[in-house]
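The chain contents come next:
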Amino acid sequence: MIDISKVVSSLEKNYIRKLLKQGKRIDGRGLFEYREVTVTAGFVPKAEGSADVHIGDSRVMCGVKYDIGRPYSDNPDKGVCTVMSEFVPIASPMFEPGRPGEDAIQLARVVDRGIRHTNCLDYNELCVKVGEFVYILFIDCYMMDHFGNLTDTAAIAAIAALLNVNLPRAKIDADGKLEWDGTYRPLNISEIPISITFGKIDDVIFVDPILAEEMVLDGSIAFAVDEKKQVTSIQKYKSATWSVEEIMETSAKAVEIADELRKKLNLRQYTPKAC
Amino acid sequence: MTILVQEPHDEVCFREDGKRLDGRAVDEIRSFSCEVGVIKNAQGSALVRHGGNQIYAAIYGPREVHPRHLAKPDRGILRVYYRMATFSVHERKSPAPNRRENEISKVIRESLEPVLFLEAYPDSQIEIYIEVIAADGGTRCASTTAASLALADAGIPMKSMVVGVAAGKAQGKVLLDLGDKEDKVGQADIPCVVVMKDKSISLLQFDGEMSLDEMKLGFEYVLKGAEDIYQSQLEALKSKYQKISEEALKEDAKIDKSAIATEEKIEDGPAEGPEDLPQNKSEDAVDLPVAEKVEEKAAEPKAPKAENPAPEPEGKTTPSNPPGDA
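Chains as they are written, first to last, in my numbering: chain A, 1 to 275; chain B, 1 to 326.
Keep in mind that the hints are not guaranteed to be accurate.
[To be verified] Taking CB as the label site, the calculated pair distances span:
hint: 1; chain 1: B; residue 1: Q242; chain 2: A; residue 2: G28; range: 21 to 31 Å
hint: 2; chain 1: B; residue 1: G208; chain 2: A; residue 2: R70; range: 33 to 43 Å
hint: 3; chain 1: A; residue 1: K129; chain 2: B; residue 2: Q242; range: 50 to 60 Å
hint: 4; chain 1: A; residue 1: R169; chain 2: B; residue 2: S33; range: 45 to 55 Å
hint: 5; chain 1: B; residue 1: E246; chain 2: A; residue 2: R70; range: 52 to 62 Å
hint: 6; chain 1: A; residue 1: E132; chain 2: B; residue 2: G208; range: 34 to 44 Å
hint: 7; chain 1: A; residue 1: R169; chain 2: B; residue 2: G208; range: 31 to 41 Å
[Unchecked claim] For lysine-lysine, the following BS3-like pairs were computed, each having C-alpha atoms within a straight-line distance of at most 27 Å:
hint: 8; chain 1: A; residue 1: K264; chain 2: B; residue 2: K40
hint: 9; chain 1: A; residue 1: K236; chain 2: A; residue 2: K21
hint: 10; chain 1: B; residue 1: K159; chain 2: B; residue 2: K40
hint: 11; chain 1: A; residue 1: K24; chain 2: B; residue 2: K40
hint: 12; chain 1: B; residue 1: K106; chain 2: B; residue 2: K216
hint: 13; chain 1: B; residue 1: K197; chain 2: B; residue 2: K216
hint: 14; chain 1: B; residue 1: K238; chain 2: B; residue 2: K159
hint: 15; chain 1: B; residue 1: K197; chain 2: A; residue 2: K13
hint: 16; chain 1: B; residue 1: K199; chain 2: B; residue 2: K224
Treat the hints as calculated values from the structure; they're not laboratory data.
Values in this document were obtained by computation on a predicted structure and should not be read as measured data.
In this text, a Cβ means the ideal position worked out from N, Cα and C, and glycines have one as well.
One chain only, chain A, in its complex shape:
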């Protein structure tokens, strides 16, 4: 067990800072070296799709469920997809039971935007009857062990769980009623967004901060990157300020790291067969 308090001593902060200035990290990684990522998918039988992702010792479990409801009036032919996150107190002595706090909401929204703005989902496919019935997908991310960089962990878990979805398909019968057509099919997913987070202490930038670094860093920035090597969403956290050069350099680095990670993980292998 690692002892984590809400306060990191200035001694530890100075040590982490000193190491980073020398281009070193307290866990021995290089500044732009990502931790080991492992993915297990389809482990929850009652979820339409699920994924259990570790980045180092950080762990997020994600499950996808659906509902069929009315579409939004401004998008009558499009399905809906929401990401929610739960910082369950199982994951860390710092998390408390209760409604999601602002960190949990921010994380969910960052993951949501990563998925939304890469246009990876085919929202028209999720429409059963225009203006009446659309699929509503719920992507619920549970933080199971917190050792830093939960954003990236949750983002990988969310897209892996979506790729793992086998959705029962609906049809409209002669009376205009909704019913199951007897088949399950995976979602049509055109893009795989990957989120890459960088931390910043003074003027040193590094990828994939671990918990101890996260607790002392001045700020961090998360990029969602698509397969076309474009950055599709950015979130800056905390109070550090970033120069335009830093942002551009970090974006380029994010694209590079995301590309490598995407190849290595080969998340499409978790897509189930239609039945």
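Given chain A, work out where chain B should sit, using these hints.
Just chain B, lined up with the frame of chain A:
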């Protein structure tokens, strides 16, 4: 909530050959496996797979009580949070805790309190967080089994382990360890938690119709099933320490080997060591480490692999190393 695929609601709980739908006999438990130490941040943790249930339990504490007014000056308090993941059930569950979860948290807490020494932790709390990741009937029993394992893993003294398992009745037959369907369409359900030391029951609920004789048979099944699960619990707790001791032995072996290697090196040429330091940094000594490497390989074929690729730091640390290693 509109969902397309409904769960089966027919009453059939037996196959044609008289066995249950999953092939079990009436007095047989579902497949069971467990593991401890699965949540690294927690003081103690456990994963229980019981049938289709996947349940994580984590212990935090004993630690300070928040809010303070809940603290008791003469004893510690136990707090249990049983929660189900939204995707653990057939129809998505709302993430907010409902009445059922609150009640189950309470009965689990009361089933664990009798085996703990709460009087030893005045003004403190022990928290048990239970997360049901996949639910398949009998989650309160499996959760208690997981909580008991997590408490033991956290090193919190206990009078006994506890095991949760249910009996019940479906289509007129008394059954051990109801599955999801048997639980939903069956006639009766008796979730029990057994204190293994004296076989007393610390959690008991009952819903349905059963004669007293049937109930007696149900309890017999429960005690029998609990014993099986208890053995798996003990195995899981032991195997964690077995793993640790195996790793420690490996580490010991490594240290022994490197100690022998460094001793031999000192015998080979104690004078060379200190002289290496400045030389390695200067440019004309660039090929020296390579030559040294070849010699080492020839002289000590048994030296551990890790040492060969990095002769430079090895050379630097050698003179001060042996006392530290020993």
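Structure versus earlier hints, numbers of those that do not hold, lowest first: Going through the list in order, the structure violates hints 4, 15 and respects the others.
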